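Novice: If you want the building blocks of each chain, they are given just below.
2 protein chains.
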Amino acid sequence: MNPDRRPAEDDLVRMIRGLASRPGATGVRRSIGDDAALLEPTPGATLVATTDLLLEDVHFRRRWAEPADIGWKAMAVNVSDVAAVGGTPRWALVALACPELTAPDEIAAFYEGALALCDAHGVVVVGGDTSSSPGGWMVNVTVLGETVSPVLRSSARPGDVIAVTGTLGRSAAGLAVLEREAAPPGVASDLLAEMTDAHLRPRPRVAEARWLATAGGVTAMMDLSDGLATDLPRLAAESGVGATVYIDRLPVSLATRAVAAALIHDPIAWATGGGEDYELLVTCDRAAFERLRAGLSGAMLTAVGEITGGRGVRWIDGDGREVTVATGFEHFSRA
Amino acid sequence: MNPDRRPAEDDLVRMIRGLASRPGATGVRRSIGDDAALLEPTPGATLVATTDLLLEDVHFRRRWAEPADIGWKAMAVNVSDVAAVGGTPRWALVALACPELTAPDEIAAFYEGALALCDAHGVVVVGGDTSSSPGGWMVNVTVLGETVSPVLRSSARPGDVIAVTGTLGRSAAGLAVLEREAAPPGVASDLLAEMTDAHLRPRPRVAEARWLATAGGVTAMMDLSDGLATDLPRLAAESGVGATVYIDRLPVSLATRAVAAALIHDPIAWATGGGEDYELLVTCDRAAFERLRAGLSGAMLTAVGEITGGRGVRWIDGDGREVTVATGFEHFSRA
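Chains as they are written, first to last, in the numbering used here: chain A, 1 to 335; chain B, 336 to 670.
Note that these hints are calculated values from the structure, not bench results. Note that the structure is predicted; figures quoted are calculated from it, not measured. All C-beta atoms in this analysis are idealised placements derived from N, C-alpha and C, irrespective of residue type, glycine included. Treat the hints with care, since some could be wrong.
Said to hold, decoys possible - Covered by chain A, per the in silico footprint, the following chain B stretches (three or more residues, Cβ under 8 Å):
#, stretch
1, 367-381
2, 390-396
3, 467-477
4, 520-531
5, 619-633
What the hints assert, rightly or not - Anything over 10 Å on all C-beta distances counts as not near chain A; from chain B, calculated:
#, residue
6, Leu354
7, Ala432
8, Val587
9, Ser588
What the hints assert, rightly or not - Pairwise CB distance ranges, derived in the manner of DEER restraints:
#, chain 1, residue 1, chain 2, residue 2, range
10, A, Met15, B, Pro493, 25 to 33 Å
11, B, Ala518, A, Thr26, 40 to 48 Å
12, B, Glu375, A, Arg314, 31 to 39 Å
Chain A with its partners taken away, still in its complex shape:
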């Protein structure tokens, strides 16, 4: 009665094994095809482990997310978590449930999307599970990595600079575009594609995180998966500190602002509340910030505020007034 035993199951495992095979990958003694993967950790390294669920109509819609997008993103959000503690992602386990009548091509495309992200970061898929789903697509990815210099979210100190990589709000802008029936008027198609790509195919800041973790001066780090207005309070609470953020310093791209204008939406609400940007939220010594900003290749590093004594996060507008900002929760199934 184990549903994994449908006749095509072993064929499916063979297909996945073929797609995921990376002969000569270091540290892999045995992967897909046994009860469990056998891996060779680097002596002296700390093991990093994280897992994330992605569910159809909760985290994505099939109307606008292709199987390859789903695979890419499910892998990317986990790779981002490993990077966010200063880790090097190495191995992944992929569990997929999809409707009984899903075409093998779609399942292959899902794995190809996940494997494209893996190949970009030297990650090998070493195991997983498959099942039919009584509902929509459901994906769970676990990524294992290693680090010799972990950076946690619990070690920020009063006086530290708060900084973020890249720009904020692009993923939320992309989701707003994807959720519409028609493209918003008056926005160039390449700008729209930049936004939707940011939502569908986030690029985890792996190299940037590793550099920041070892450059000296970074006191705490996490990735921005739920939006600054949700994630920064978590970092502050874990560190036992407060924080002040200056809203007009938040890096929001001209493209994001253009989409916001076309959709009559506040771009700052996307930046604070949108989530899923997978940029890095960093705290660092005041004296180290300029060196880190200048030394970081591949992404801007923008100071947006400072860690304070006390508790809680204060948001200050351009006139110096304390304001509230959007946490932006939107739930598909209630939308």
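Using the hints provided, position chain B relative to the given structure of chain A.
Specialist: Just chain B now, with coordinates in the frame of chain A:
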């Protein structure tokens, strides 16, 4: 728009963190509450990693599976996979999606079930994910373990004895009882409870597997998750060998036979096709079998056949005739 950011989410993580906290657990540097868990592997050990999905109305029904049962079983099937390669399970990541209106008590009960299995085997829950579900309950568990003496399913050799631990078919008998509207007539309630417990709360053979992996003479091992008629062909194919099984040697308990008689079902079909017994399927040197059987504490070890040259699995009945056996596939959503 990240659905994990519902207001109660951080409260839920706090609750899980409290339930899962095991102060002083070795090898855990940082667990629930950061982007990723930080773990300290044992120097020189091989890392073992496995993941499994359990979905409502595919793998279980809420009519007969309590949240604590779901948690226990989701953990047990993964712990069994780690044990099956000769590993010691150490750390787990638990991802749970359940309907929006699920009571916190039910979520707590799910984790308590998973943690009870963990505590029995020294496993620490170090991370996970939570989400609302647009359908039923969905669980994904990843278990990490370690071994210095892995045993694979790909190393059986012609002439080896094929043996199984415990008895087969109990889980399938239990499922048959659970799926009925009323208890089968004429079977003592303690026998029924033994069957349903075998299905709802499987006991992974962790200590037995570790002993077998290191006792000498075992050539291949895997756990029986999908039934002997599905799993043995996999072991034979991975090892590039054939196999012969003598059906009247299959260990089927009197209780299983009594339930089968009451339900007018073939107990052998449950033993070969039922799956989810999580007993060990072992191949060993002919000369080693008796020593292994006598030395194994905690479970019977029964010789059921032998590895042969060639390919494929032959099933021989009590009269010496080759027969076909049930692979027993039953799928809830098509039932």
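Novice: Per the coverage rule (Cβ-Cβ under 8 Å, at least three residues), is the stretch 390-396 of chain B covered by chain A?
Specialist: With 5 residues closer than 8 Å to chain A, the stretch 390-396 of chain B meets the three-residue bar; holds.
Novice: Would you check chain A against the stretch 619-633 of chain B, counting CB to CB pairs closer than 8 Å, and say if three or more residues qualify?
Specialist: Coverage by chain A is violated for the stretch 619-633 of chain B (0 residues, Cβ < 8 Å).
Novice: Does the hinted range 25 to 33 Å hold for methionine 15 (chain A) and proline 493 (chain B) at CB?
Specialist: holds, 29 Å
Novice: Beyond 10 Å from every chain A Cβ: check whether that's true for serine 588 (chain B).
Specialist: holds, 18 Å
Novice: The hint says 40 to 48 Å between alanine 518 (chain B) and threonine 26 (chain A); measuring C-beta to C-beta, is that right?
Specialist: violated, 56 Å
Novice: Taking 31 to 39 Å as the stated bounds, is the beta-carbon spacing between glutamate 375 (chain B) and arginine 314 (chain A) within them?
Specialist: holds, 38 Å
Novice: Run the C-beta distances from alanine 432 (chain B) to all of chain A and say if the shortest one exceeds 10 Å.
Specialist: Since the minimum Cβ distance to chain A is about 6 Å, alanine 432 (chain B) lies within 10 Å and the statement is violated.
Novice: Can you confirm whether chain A covers the stretch 467-477 of chain B, using C-beta to C-beta distances below 8 Å and requiring at least three such residues?
Specialist: holds (count 8)
Novice: Against chain A, does valine 587 (chain B) keep a CB gap of more than 10 Å to every residue?
Specialist: holds, 17 Å
Novice: Given as covered by chain A, does the stretch 367-381 of chain B meet the bar of three residues or more with CB within less than 8 Å?
Specialist: Check passed, 13 qualifying residues.
Novice: Cut-off 8 Å, C-beta pairs, minimum 3 residues; does the coverage of the stretch 520-531 of chain B by chain A stand?
Specialist: violated (count 0)
Novice: Closest CB-CB distance from leucine 354 (chain B) to chain A, is it above 10 Å?
Specialist: holds, 17 Å
Hint violations for this structure: numbers 4, 5, 7, 11, all remaining hints satisfied.
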